[in-house]
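Undergrad: Let chain A serve as the given structure and place chains B and C on it in line with the hints.
Chains as they are written, first to last, in the working numbering: chain A, 109 to 355; chain B, 5 to 197; chain C, 2 to 473.
Hints are computed from structural coordinates only; laboratory data are not their basis. Errors might be hidden in some of the hints.
[As the list claims (entries may be wrong)] Using C-beta positions, here's what the derived DEER-type ranges look like:
(1) C:Arg55 to A:Asp229: 24 to 34 angstroms
(2) A:Asp279 to C:Glu281: 51 to 61 angstroms
(3) C:Arg75 to B:Ser158: 22 to 32 angstroms
(4) A:Lys234 to C:Ile415: 35 to 45 angstroms
(5) C:Ala171 to B:Arg197: 45 to 55 angstroms
(6) C:Asn464 to A:Pro237: 15 to 25 angstroms
(7) C:Ala40 to B:Ser41: 34 to 44 angstroms
(8) A:Asp229 to C:Ala40: 24 to 34 angstroms
(9) A:Arg177 to C:Gly401: 20 to 30 angstroms
(10) C:Ser248 to B:Ser8: 22 to 32 angstroms
(11) C:Ala423 to A:Arg177: 19 to 29 angstroms
(12) C:Ser23 to A:Asp279: 16 to 26 angstroms
(13) A:Arg267 to B:Ala6: 50 to 60 angstroms
Model, not experiment: these values are computed from the prediction. Heads up, the beta-carbon is just placed ideally off N, CA and C, and yes, glycines get one too.
Listed below, chain by chain, are the residues.
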Amino acid sequence: MAATPGRVHLFIPCFVDQFFPETGLATVQLLRRQGLEVVYEREQTCCGQPAFNSGFHRDAAHLAKRFLRLFRDAEAVVAPSASCVAMVRRHYGELGLQGEDASTWESLRTRIWELSEFLVDVLGVKQVPGAFPHRVAYHPSCHGLRELGILKQPLSLLRSMKGIDVVELNDQERCCGFGGTFAAKFSALSVAMGEDKLEAIEKSGASYVTATDDSCLMHLAGIISRRSLPIRTLHYARILAGESPEP
Amino acid sequence: MADSKRALQKVLAAALERVDAQLIVTSAKGVAAALSSLFDSLAAQTVAITNERELVDFGAVKAVVARSATAVVAPPSEKRAAAEAAEWKQRLAGADVGITSALAIAAETGTLLLPPLSPDQRAVSLLPTHHIALLSEDRLVPDIEALFAVWKKSERTDGNAVFVTGPSRTSDIEKELVLGVHGPQSLHVLLIR
Amino acid sequence: MSYANRPKELKRQLGSALRTRSSDPPFKRNTRKAVSARADRVAEWPDFEERRARATARRQEAIDTLAELHGQLRQHWAKNGITVHEARDDNEARHIALSIVRAAGAKRVLKSKSMLSEEIEINDFLEQHGIEAVETDLGEYVVQLRGEAPSHITMPAMHLSRQNIGRLFAKRLGVEYTDDPPALTQIARRTLRRQFLSAEVGMIGVNFAVAETGHLATVTNEGNGRMVTTLPRVVIALLGWERVTQSLEDLAQLWQLLSRSATGQRATVYLNLTGGPDPEGGCPQQVHVIVIDNGRKRIHADREMREVLRCIRCGACLNACPVYQQVGGYPYGDVYPGPIGAVFTPAREGVRSAPDHPFASSLCGACEEACPVSIPLPKLLLALRKQRTELRSAFDPERGLWRSFRTVMGSRRIYEAATAFARGVQFIWPGGPKKMVIPGWTDHRDPPVFAKRSFREQFDDRNAKPEGPENG
Chain A
109 MAATPGRVHL
119 FIPCFVDQFF
129 PETGLATVQL
139 LRRQGLEVVY
149 EREQTCCGQP
159 AFNSGFHRDA
169 AHLAKRFLRL
179 FRDAEAVVAP
189 SASCVAMVRR
199 HYGELGLQGE
209 DASTWESLRT
219 RIWELSEFLV
229 DVLGVKQVPG
239 AFPHRVAYHP
249 SCHGLRELGI
259 LKQPLSLLRS
269 MKGIDVVELN
279 DQERCCGFGG
289 TFAAKFSALS
299 VAMGEDKLEA
309 IEKSGASYVT
319 ATDDSCLMHL
329 AGIISRRSLP
339 IRTLHYARIL
349 AGESPEP
Chain B
5 MADSKRALQK
15 VLAAALERVD
25 AQLIVTSAKG
35 VAAALSSLFD
45 SLAAQTVAIT
55 NERELVDFGA
65 VKAVVARSAT
75 AVVAPPSEKR
85 AAAEAAEWKQ
95 RLAGADVGIT
105 SALAIAAETG
115 TLLLPPLSPD
125 QRAVSLLPTH
135 HIALLSEDRL
145 VPDIEALFAV
155 WKKSERTDGN
165 AVFVTGPSRT
175 SDIEKELVLG
185 VHGPQSLHVL
195 LIR
Chain C
2 MSYANRPKEL
12 KRQLGSALRT
22 RSSDPPFKRN
32 TRKAVSARAD
42 RVAEWPDFEE
52 RRARATARRQ
62 EAIDTLAELH
72 GQLRQHWAKN
82 GITVHEARDD
92 NEARHIALSI
102 VRAAGAKRVL
112 KSKSMLSEEI
122 EINDFLEQHG
132 IEAVETDLGE
142 YVVQLRGEAP
152 SHITMPAMHL
162 SRQNIGRLFA
172 KRLGVEYTDD
182 PPALTQIARR
192 TLRRQFLSAE
202 VGMIGVNFAV
212 AETGHLATVT
222 NEGNGRMVTT
232 LPRVVIALLG
242 WERVTQSLED
252 LAQLWQLLSR
262 SATGQRATVY
272 LNLTGGPDPE
282 GGCPQQVHVI
292 VIDNGRKRIH
302 ADREMREVLR
312 CIRCGACLNA
322 CPVYQQVGGY
332 PYGDVYPGPI
342 GAVFTPAREG
352 VRSAPDHPFA
362 SSLCGACEEA
372 CPVSIPLPKL
382 LLALRKQRTE
392 LRSAFDPERG
402 LWRSFRTVMG
412 SRRIYEAATA
422 FARGVQFIWP
432 GGPKKMVIPG
442 WTDHRDPPVF
452 AKRSFREQFD
462 DRNAKPEGPE
472 NG
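If we strip away everything but chain A, and leave its shape as in the complex, we get:
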């Protein structure tokens, strides 16, 4: 993509739509700040990843085709969720798409980004206004880190804010334990992994943990709440958009 787009389509995954709308709203704000027109295609629902991850390719393919048709003509698609973007960019190719769907995918996969990728790599944003005078632990969600190579982008944006202290944990790349349906199917294991992540966060002295994916944060928040830990989860988009933390 040569020129920067003027018009951006949002993809807001179902769990963000229902559980973390603030992340979506922050995304809108951040994009509008860059002078972009933000379009929200009402019919959108899900990229199909949960079905795919469970081995139900036909159901996933049905939803994938729907997604592709919905966003076919978008100049750019931006989502505050690395795992969904990874699903579209990489795994749609494993669903046996044919003909027009396949060519739509080949084209669309070059025009869909996770939010921080879009801001930093496409728009060249280096600085974000505002302050967030707290210590924040960054958790690199696995799909973003390993499938999309996202690490520097959210970190650079966060660190450009005043007063913020972003800590990268030791062994930060260790999975938090969410893993989609893994979290429910192997819940004790999933929670054990989350507890290790939270232990590292507590040790770092951070009062916040942030990530590219609300799914990871939702899982951690569930443990935090059950165990009354002194850590808050907050998607990085919300930090960048200037959301002031609840008292």
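TA: Frame of chain A; chains B and C shown alone:
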């Protein structure tokens, strides 16, 4: 030329130290003294040595024989009775030191390529408690790839080959390093100018 | 130690492992040490990624031309006096090994570490036929004395503390208690030396067979591989059908990658290349290779799964895996645990034999990242999950679940109706949802809470206002 040789030797020294092996650089004339001093520090009573021509040329055999402790010299390779073979293995297993030459050594890792030997003689680098390997400094090569190249060029690539990097070791108990499991407890490389 | 039914119990085993583990289990500590050591070695090679890419390509090429490579091997073996046996499965392999031992008139086999020998469960079989099988790798020796299976591919006793081992030796070998690792090692050295010197038959697992020359390459750090291929009269070498590399140059690369990935070493202490029996009539007088299929050809025939055969058994994926770090190897119930096991076991035996294995992963990808031959384990796990789905009956509740999911997500209207309903339930009965819907989630976690107004609703509200305070 001399500089790069020295540089490679420095790399080798570091590599051997990392794998808990010792490097001794000596002149041809100094071999006997170096060996004698090693025997002292290892409190070596029994020494086994292969019958390689090269070790004779280095003066190693003389040094071993000259030592007043009981020396054990490997018999020539030929068909022997099973009982003799068994007795030979026992003597080797009880020896303090085994001495062999080496075809080459890799500076990056300190890996030795042992010379092609009959099974009895191969055991000289395996059964005694300590292993000393002698080789001339022009056998020093940069890395493992070069080591394999040396072996390929040598005659016996259908036979057995052994690559040795330091003394025998394990971390099987709580990942704590222990030397001298089944093979030698220490390895000493004599690089001869 | 029989693996026959254990893979099916994965979920139960995982749960039990989590409940019964100590607060700082050894496998957590040890895997982290291993990960760190590997990282140091990788950092030393500025061209690591290129080497890895080359090794990956060469390994794949070898897998794709296995028939040809095996042809080359047999030519060399015939010339050098190595006797070849073909075993279709573990049963055939066991019988072949037994017949070799019997023909040698031996009552005892000294073994150097071999995962393949575990896979075919040779030890119990030999014992049943009056032949003692002695493990000589220190970690294997320890778990054998305990009557256990190894819990890790390259560190068999990873799950044990020094005190465990000290008490074991005191009890089983009649020595005075010590938990000092050097002293414990000396005890094992003395005990096993007596065995080495009187051994008639040695058994090794071949790390790689080299097609160019016919060599059987074995790596060890302890020296037991050399012991059992140099001292006994008869050597039995177990070779997995896929463990063939093309040339000595390839071997040089794979050996280094294996060393760095498995234990963070630049080179294992010993690389032993066995060419054949001693031409002068010394030991070994006989060298037998048993080439073992046991499901590997089945994997090979499956184009999607074939690339798992690149595996060089370094165990780096185990060390990197956040699941393995939590529970260690035993729950997997098979000789190959961790990410590689989660693929290899169902791939070899059919996904029905280990139906939960492909799902016991968060698909984080740390395994693929650590793999020196770039095996895309998450992709293969997903492929196995798809195979599992294809085996589900039409009435399997999961089919229904995903059909509903597809219906709900397939239409914005239905989606909005469903979510509005769920939100309503939560409003009326706030405590209720905490125990419902997604079984498993709420055992140890609080569930997420539906926002009063979804993103879509708020976006519509604010559409006129380009920027507004975001207070949720």
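Undergrad: Hint compliance check: list the failing hint numbers for this structure, sorted ascending.
TA: Those not satisfied: there are none.
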